[in-house]
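Protein chains in written order, with numbering that gives the first Met the number 0: chain S, 0 to 322; chain Z, 0 to 322; chain P, 0 to 322; chain C, 0 to 322; chain X, 0 to 322; chain D, 0 to 322.
Derived from the structure by calculation, the hints contain no laboratory data.
Just so you know, not all the hints are guaranteed correct.
Distance condition first, Cα-Cα at most 20 Å in a straight line; then the derived EDC-like pairs of lysine to aspartate or glutamate [said to hold, decoys possible]:
#, chain 1, residue 1, chain 2, residue 2
1, Z, Lys229, S, Glu314
2, D, Lys157, D, Glu122
3, Z, Lys304, P, Asp99
4, C, Lys174, C, Glu205
5, Z, Lys181, Z, Glu213
6, S, Lys249, S, Glu235
7, D, Lys108, S, Glu59
8, Z, Lys62, C, Glu48
9, D, Lys18, X, Asp254
10, P, Lys62, C, Glu17
11, X, Lys156, X, Asp129
12, D, Lys161, D, Glu184
13, D, Lys18, X, Asp302
Number of protein chains: 6
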Amino acid sequence: MKRALGLGEIMIQMNPTEKGALRFQTLYERHVAGSEANTITQMQRLGIECSFLTAVGADEFGKVVLASLRSEGIDTSGVVIDEKNPTAVYFVQRGYPVPDKTMVFYYRKGSAASNFGPQHLKEEYFKGLDLFLVSGITPALSDSCKEASLKAVELAKKHSAKVAFDTNIRINLLKTKENAMKTLEPFIRKADILFTGMGDLAMLFESDFDRSRESLRKMAEQARLLVFKKGSGGIEAIVDGKRYSMPSYKVPVVDELGAGDACDGAFLASYLLGKPVEEALRYANVAGAITVSLKGDIEPLPDWKAMETFLASQEAGEKRLLR
Amino acid sequence: MKRALGLGEIMIQMNPTEKGALRFQTLYERHVAGSEANTITQMQRLGIECSFLTAVGADEFGKVVLASLRSEGIDTSGVVIDEKNPTAVYFVQRGYPVPDKTMVFYYRKGSAASNFGPQHLKEEYFKGLDLFLVSGITPALSDSCKEASLKAVELAKKHSAKVAFDTNIRINLLKTKENAMKTLEPFIRKADILFTGMGDLAMLFESDFDRSRESLRKMAEQARLLVFKKGSGGIEAIVDGKRYSMPSYKVPVVDELGAGDACDGAFLASYLLGKPVEEALRYANVAGAITVSLKGDIEPLPDWKAMETFLASQEAGEKRLLR
Amino acid sequence: MKRALGLGEIMIQMNPTEKGALRFQTLYERHVAGSEANTITQMQRLGIECSFLTAVGADEFGKVVLASLRSEGIDTSGVVIDEKNPTAVYFVQRGYPVPDKTMVFYYRKGSAASNFGPQHLKEEYFKGLDLFLVSGITPALSDSCKEASLKAVELAKKHSAKVAFDTNIRINLLKTKENAMKTLEPFIRKADILFTGMGDLAMLFESDFDRSRESLRKMAEQARLLVFKKGSGGIEAIVDGKRYSMPSYKVPVVDELGAGDACDGAFLASYLLGKPVEEALRYANVAGAITVSLKGDIEPLPDWKAMETFLASQEAGEKRLLR
Amino acid sequence: MKRALGLGEIMIQMNPTEKGALRFQTLYERHVAGSEANTITQMQRLGIECSFLTAVGADEFGKVVLASLRSEGIDTSGVVIDEKNPTAVYFVQRGYPVPDKTMVFYYRKGSAASNFGPQHLKEEYFKGLDLFLVSGITPALSDSCKEASLKAVELAKKHSAKVAFDTNIRINLLKTKENAMKTLEPFIRKADILFTGMGDLAMLFESDFDRSRESLRKMAEQARLLVFKKGSGGIEAIVDGKRYSMPSYKVPVVDELGAGDACDGAFLASYLLGKPVEEALRYANVAGAITVSLKGDIEPLPDWKAMETFLASQEAGEKRLLR
Amino acid sequence: MKRALGLGEIMIQMNPTEKGALRFQTLYERHVAGSEANTITQMQRLGIECSFLTAVGADEFGKVVLASLRSEGIDTSGVVIDEKNPTAVYFVQRGYPVPDKTMVFYYRKGSAASNFGPQHLKEEYFKGLDLFLVSGITPALSDSCKEASLKAVELAKKHSAKVAFDTNIRINLLKTKENAMKTLEPFIRKADILFTGMGDLAMLFESDFDRSRESLRKMAEQARLLVFKKGSGGIEAIVDGKRYSMPSYKVPVVDELGAGDACDGAFLASYLLGKPVEEALRYANVAGAITVSLKGDIEPLPDWKAMETFLASQEAGEKRLLR
Amino acid sequence: MKRALGLGEIMIQMNPTEKGALRFQTLYERHVAGSEANTITQMQRLGIECSFLTAVGADEFGKVVLASLRSEGIDTSGVVIDEKNPTAVYFVQRGYPVPDKTMVFYYRKGSAASNFGPQHLKEEYFKGLDLFLVSGITPALSDSCKEASLKAVELAKKHSAKVAFDTNIRINLLKTKENAMKTLEPFIRKADILFTGMGDLAMLFESDFDRSRESLRKMAEQARLLVFKKGSGGIEAIVDGKRYSMPSYKVPVVDELGAGDACDGAFLASYLLGKPVEEALRYANVAGAITVSLKGDIEPLPDWKAMETFLASQEAGEKRLLR
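Sequences and hints are given; from them, build the entire structure.
Shown next, in the form of C-alpha cells:
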C-alpha cells in the first residue's frame, strides 16, 4: 500500500445555515477543515495509507479534529496536543455581498497549530513514505511552522518520498506579494509535484497566464509534475514538459471551499496508484466537481465508487433514479 | 363523482435536511410516500373520490400512513392493520455522488404491506368503481402481493372499472430483467391504461425507444391509452393508435422523486373527468413540473387552482408578485 | 449629513424554512418588513440620517419592529405605541404553485399602523428634512393613513423637503383599478421623485409600456425624476425629460420580496449624496441584485462597501476567494 | 358506536421553538388547536364517532385545520369554507416572564369561525347524536357564534343528545365579569354535563371554592354531572348530588395548554362508553397528565392503550425500559 | 496497556428532536448505539486499548458505525463488511405515553450484525487480551450470533482473558422467559464478571431481589465479581462473596438509554486498571449519572478528567461557574 | 431621567443547541453577551438612560454588538471601531460533565476590546452622569483596559457620578489569587456600590463567609452599599452598616450565565430611581430568577411590567393561564 503524510493546520469551521451577511446569521453548523488535511483525507478515501502532522489544543475542538482524522482511518500518532494554545476557529460568510462567493473570518492567531515547530518532527514518520504534502498556508502561519515545513521537506527527500506542494496563498497571513514570494519560493524550488491556481500565479508573477506559467516552470526546477487549477476553466498539467488539459464538469456550485484540495488529493492518489496523467486529471476534475456541489470541505470527498458513479452519469447522460 | 381505488405499499421516507453522503447527515425529515398512493392522492386533490388498499404495521408509523391518507379525505376502510409486521421505512440520499440525483436505501423486507394478500380483498371495494390503479412495484414486493394485485385486476374488470398500470420497475426488488418481464407481463397485457418511462422500456425490451415502444404496444393488447413519460424530454401518449406529444415545462429540479406519480394522477383525473387527451397531457406535465420543483412526493401535488395559476404564469411570462 | 423621513406600516413576516404549499410548512422564521421601512433602512445603511413614522402595537411584535429600526440607528421618536391594536403579521408562501414566485397572506386588518392618523404627525419631524418617502401602500391601509400621508406630503413641501413616492399597488387593499387610481393620483401629482414598476403602470393606465409611461409623465406634473423598475428587464429613469436606462445584473433569484425597495433606497441615497443619475441607477441595480439573491427584505440591504465589492466582482469576473 | 358533535373555532398556533420573550424568538412551529376541537379529538381517539362544526378560511391554514380533523377520522362535512374571512392565528409565549406559564397573542378578530352563524346549522347533524359539546369560548367570539351555539343546544336537546358545556372563560373576548356571566349563564342553565375550573368559578361567582361551587350547582339546574378541574389540585365531580374526587398525577409540566380539554374528552368518552364515574375521573386525570407533559394541544391526546400504559407505569412504579 | 475486546450489534438510532408520540415527530437526529459498543467506548475513553467485533452493511450507515468506533481510536480490523445485509436501524419514542420513559422500534431483523457468525472469529483477536465483553443481546440476535458468542467466550478463556457478561435481556428478541434463560444460562455460568439489573433478575428468576440474587450467584459458578445495577436505587457488587453497595447520584434524567452500559464500562476499566472495588463502583455510578443527564448513548461517556470534575462538584457542592 | 454609563467587553457567544460535550455539538446559536453590557441593558430596560464604552472589530460581529446595544436604545457614540483587531468570540459548553453547570472557551486574546485604552475616554461622557459601572473583568483584560478603567473611575468621581463595581473574577484572565487581589483592590477601595459573590469572596479573602465579608467591608472604604449575591442562597446587602437579606425565588435553572448581571442591573436601577433597599433587593432577586430560567444573558432581562407579573404570580401562587 502506498503511504502519504501531510502537514498543516486543521480548524473548526463555523458555517451559518443560511447565506447572507454574517451579522444576521444566528444558527451555525460546525465543520472541520484545513487545506492539507482535506487533501490527505481525499487520498485516504482513495486507498492511500495516510498520516497527518499538526498540533491541536487540549480542548474540545482539538478532540473534534482528532476524531475527524481517526474516523477516516488516518494515523494521528504524530499529532501534538498543545496544553497552552487553542485549536483555531473560523467563520464563513456565504453569498454576501457577492452571490456564490465566500468570505472567511479567522480566529487562528497564536493557535496550537501555529506553534507547531521542527522539534515536533520525528524522522521515523518519513521512513517508507511515498509522498509528503504541504501547502503555502503552513509556512505562512508562523516562523516555527515555516521551519517545520522546510525540515519536513528535507526529511522527505532524505527518505526518497516525493514532495507535493500547493502554493495556496493566504494573503491575510502573508500580507504582501513580496513576503508571499519569499515564503513560498523555497518550496516551489524543491517540490516534485506542484499545484497552483490562477490567482496564486498572478500574485506570485504576473496576471498573464502563459508568462506566469512559464516563470513558475523555471522556478520549479525539480518538479516533474505541475498542475494548474483553473476553476470552471478546467485543469491543466505539465508532465516532463508535455502539456495535458481537461475541461471541468458542469455542476451547480454550492460551496467552492475545498474543491482545490479535493482536486489535489484525487490527482495525487491516482498518481501514486500509477494511473496515467489523463486519468489522474479526470479524477481530479470529478473530485472537484463533487466537492463544489455540496457544503463542507471534507464531507463531499468521493471514494472510487462515488467517482465511477459520477462518471457513468456524466458519460451516459443517464436520467434514471438509482433504486 | 368518479371513483378510483389504488393498491400498493406506503412507506415512511427519512429525508436528510441537507444534500450529500448519508453518512454525514445527522438531521432527517420524516415524509410519507409510495408510488400508487402518490398517484391516488393526486387524483383525490383533483376531485376524484378515492380509496386505497394496503397494510400497515400496528405501530406509530402505520398511524402516520393512515393519517396521511385520511387527511386528504381518501377512504381507508380497506387498509389492513398488521399486528406482526412493521410499516416499511426508507432513507433518501440526495445529490451525492451525482448532483441532483437521488439514491434510496430501503428497510421494507417483511413489511406489513409485503404481507398483504388476496385474502384482504373484498369484492365490495370494486362495486361502482371507475378506475383501479396499481404499479409494477406492488407485484414485485412478494408472492402474496402479486396474487393480490392479479386478483384485484380481475375484480376491477368484473365490475367494469378501467385498470391503470404503471410499469414502475424497482430492480432491487425484481433482481433481473427476466424476472421483471415475468412479473409485469400479466399486468401489461390486462391494463386499459398503461404508463411507462424510458428506463423501464429499455429494461423490458431494448434501449431503442421506437422499437421498444412498438414492442410494448403489441404486448399491451387491451390498452386503449399508453403514456410514455420521458422526464425532461416531455410526455407522449398513444390513444387508439394516435400519437400525441408535449414538451415538459422548464423548472428548477429540486427533488425528482414522485414526479412520475403526479403525472399519472393528473392524467388519470383529467381522463376520468372527460377532458381531451391534449389537456390531460398538459395537466400531467404541470403536475410533474410542480412536483420536481419541491421536496417530498405528496406535499407538492397540485389541485386544479394551483395548476391554473402555474399555467397562467407560464403562458403570460407574467412577473408580478401575487399580493 | 442628509436627512430622510419615511412613513408606513412595518409588519412581522413569518417565512417558512422550506418552499411549498403553506399547509405543509411546520417551521417558520420570523422576519420584519415593510416597503417604506425597507427603503429607509437601505438609505440609513448608505449614510443618510433617517427617521421613521409608524404605529406599532403595545405587544412583543411592536418591540421587534422598534428594535429593528433602532439597531440600524434610525430615529424612532415618532413611532406611536398603540395600546389597543396589534402589530400586523403576514405569512409568506414561496415557490408554490409557481417556482420562484411568492404569495402572501396578511393579518393586517385593524392593525396599529392602519390606525395611524394625521393627529400623530408633528411639524417638527419635517424641519431640516431633505426627503420624505411614502408609497402607495400607506394611503391604501385606511382613511386615517391616507389623510396622514397627504398631510405629511404637505408638511414636507412646506419645509422644502423632496417628496419621493413609489406607486407600490397592493390590489388586495385597494380592491379595484378605479380605487387604486383615486387613491394614488394625489401622490403621483405631488411627488418630486416617482418610482413605479411594470405591473403598477399596467394597473393604473394600460399594458403598453410606452403609452402608460407617457400617461404617468403627464400626471406626475411636479416630478423631476421618474424611475421605472422593470425587474429582470433592468431599470430606467427620466430626469428632466432625459431618458437613462441600465440592464439588471444576472444573479440567482432566491427571494424577490424587497428588491424594489432596495432599488428605491440606493437610488435615493445616491441622489441625496449628489451622485450622477447613471451612478444612482447602477447602485439601485446593485442593491436590487443583492437583495433578490438572499432571503429577507431588510437583511440583504448593502452598505457602500458591499456594493463596491459586488461591482468589483462583476466587473472583473474575478473568481478568487476572499480570504 | 356512540356519536358526538362539537362546535367551536380551530386556530393555527405559532409556537416558538424556545421559551422566552416572543420578541427574541425567531423560529416558530406551527400547530393546530381549539378548545372544543381538542376535546372532540380526544373523544375520537377513545372510540367515539365524532363530527365537528366550524368555519375556516378558503386559505392554506383552513386546509391545515381540515386535514387535522380528517386525519383523525372526524367527520368534517359540516365545516364551512368561508371565501371572505381568514382562518385565525395565535402566537404563544412560553416561560416569560413567569417560568412554566404561557401567554397568548390572538389574531382572531373577524375570523372565518367568528362569522359562523345559526344559518350554517343543519338539523340532520343532530339526528342520532349522543352528545353535543360546546364551551364558553364559542359564544364569546361573536353574536352570530352565540346564536349558533344556543340554536345548537336546542337542536341537541330536541334530538335527545346530552349537552356538555365547559365554561372556558376567555376574558380578552368577554371583557368583563358581567358580560362573562351574561354570555355563559344560558349555557350553564341548559347543560347536562358541566365542566369548569377554579379561575372560571372565581370569575363567575366568588373566590371561595365551596361557595362558588354551590352557586354553580344552583344555576346548573339541568346538570346531572358537574366536573371541577383543579389543576395540580386534582379533579372533582358531583353526580346526582354525590361528590367524587381524585388527586392529579405528578408529572413534569411542559405545556399546560390543552390539558383541560383532554380531561373533558377523556371524561366524556368514558361516560358515553358507560364507565363508572371513578374510572371516568381517573382517565380524565391521565389524559390531562399526559397532555401537560408534552408540547402541543392535540398531539399528546392519548388513546386507551396509551392510558393503560401510563397507569401501569404509575401503579407499579415500574422502571424498566420498554424494548 | 490493558486490552479489551467487545462483540455485538451497533445500530443507527433515529431520535426525534422532540418528545411525544412518534407519529407526530417530523424531525429526527441520527445517533449510533449498541450496548456492547457503548461499554467498549466507555472503556476506551478511560485508557483501555479496545477492539470490537461486529458486522455492518456495505452501506452508508455501516460507514457511520465504523467512523464512530475509529474516531475513538477503537481497532476495527475485525469488523465484517456484509455486502448483502443492511446495517440495522431503530427509532426512539421519548416521553410518551409515560413521561421520562423511552420506547424503541427496531428494524434489525436480518441485519448484517445478526448474520455475524463463528466463521468471522479469528483466534489472533484473543491473543494478549485482558478482557472479553459480550451481553445477552448478542446471542439473542440469531443462532449464528449465539454460536459466535459462545466460541468467543471459549477463545477468551483459552487465552486467559476475563469474560465479562451483562444479562441485558431484550424480550422482543427472546420472546419468552424460558428462551431467555436457555439463551443466557451458558454465559452466566461461564462469566468471570457478571452485570445484571433488577428487571433482568426478575425475568430470569423471581421478583424478590434477595432470592433472585442468590439464585444468580449459584448459577454464576465462575464469577468472582457480580454487579447489580439498581437504577436510581444505586449499585451493588459481590466480590469473592463480599457485598459492597453505593447509592446513585441525584441528577436530572434526560435519557436513560445507555446508562447501564456506561456503568459497566467505567467499572471494567477501573477493575482492569487495578482500582479497589469501592472506587470502581463510584466511577460506575458517576459514568451512569453523567450518561442519564444527556441525550445519546455514546456522546456523554466521560473520560477520567470529566469524572473527577463531576466528583469535585458533587463533593464540594461547589456552585461557581468554571470560566 | 437618570443616566448610567458602562465599560467592558461585549463578545459573540456561540451556544450549542444541545447540552453535552462540545466535541459532539454540531449546531450553535449565536448570542451576544458581556457582563457589564448585560447589567447596563437591564438598567436601560428599567428606564435608565444608558450609554456604553467598548471597542469592537471592524467586522460583522462588531456590527452585531452595536446592533444589540442600539436596538435597546443604548447610546453607542463612545464605541470604538477597531480596524485591526477582531471582536471576541466564546463557546459555551452546557451540562457536561456536571449537569446544570456551564464551561466556556474564550477566543478573546488580542481582541478589539482588550485594546481599548485611556486614550478612548472623553471627559464629556461623564458629564451629568449619575452612575458609572465597571466590573473586575475589564481591568483583567489588558493593561490598557486596566488603565482605562481606573481613569474612568476618576472621571466619574470628578463629575459626582456614583461608581458601581462588581468583583466578577475571571481566573483564566487573572491567573492567580495574588494578581486578582492586586488588580481588583483599587476598584474595591474606590467603589461607591460594590457587588460580589461567594466564590469571589473566597478567592480574594478566605472561604469563611462572615470573615471574608468583614474583610471586604474594611477594604471597601468608600462603599455605602455592598451587595452579596449568594446564588440559590439569596441576596444580602449592607447599607450604611445595616444588613438586609432576602431568599431567592425557586425557579427551574436553565442557564445560570448572566443572572448576576441581571441582579446588579435591577438593583442599580431601583437604587437610581430612589426605591428602598428592600425593594431593590426584591427586584434584583426577580431579575436573577427570570434570567436563570431562560437561555441567553440579554434576552431574559425583564422590564418593570415583566417583574410585576412575576411577583404577582409568586405572591398569589395563581395558576390560571393569561389569555
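query: Is it true that the CA of X:Lys156 sits at most 20 Å from the CA of X:Asp129?
result: At roughly 10 Å apart (the allowed maximum being 20 Å), X:Asp129 and X:Lys156 satisfy the hint.
Holds or violated: Z:Lys304 to P:Asp99, with C-alpha atoms at most 20 Å apart
18 Å, holds
- [ ] Would you check the hint for Z:Lys181 and Z:Glu213, treating anything up to 20 Å between C-alpha atoms as holding?
- [x] Given pair Z:Lys181, Z:Glu213 holds - Cα atoms ~19 Å apart, limit 20 Å.
TODO: Starting from Z:Lys229, check that the Cα of S:Glu314 is at most 20 Å away, please.
DONE: 19 Å, holds
* Holds or violated: C:Lys174 with C:Glu205, Cα cutoff 20 Å? -> 17 Å, holds
Query raised in the report: Keeping to a limit of 20 Å between CA atoms, is the pair of D:Lys18 and X:Asp302 held or broken?
Result: Holds. D:Lys18 to X:Asp302 sits at ~17 Å (cutoff 20 Å).
For a C-alpha distance cap of 20 Å, please report whether Z:Lys62 and C:Glu48 respect it.
Holds. Z:Lys62 to C:Glu48 sits at ~18 Å (cutoff 20 Å).
Next item on the list: Compare the distance between the alpha carbons of P:Lys62 and C:Glu17 with 20 Å, and conclude whether the hinted pair is satisfied.
Entry: Distance of about 18 Å is within 20 Å: holds.
For the pair supplied as a hint, D:Lys108 and S:Glu59, is the alpha-carbon distance within the 20 Å limit? With a Cα-Cα distance of about 18 Å, the restraint between D:Lys108 and S:Glu59 holds, given a limit of 20 Å.
Against the 20 Å threshold, does the CA-CA distance of D:Lys157 and D:Glu122 hold or violate the hint? Distance ~10 Å between D:Lys157 and D:Glu122 Cα, so the pair holds.
Requested in this report: Given the hint that S:Lys249 pairs with S:Glu235, test it: the Cα-Cα distance must not exceed 20 Å.
Outcome: 17 Å, holds
Query raised in the report: Does the structure keep D:Lys18 and X:Asp254 at a Cα separation of 20 Å or less?
Result: 12 Å, holds
Checked against the numbered hints listed earlier, the structure breaks none of them; every hint is satisfied.
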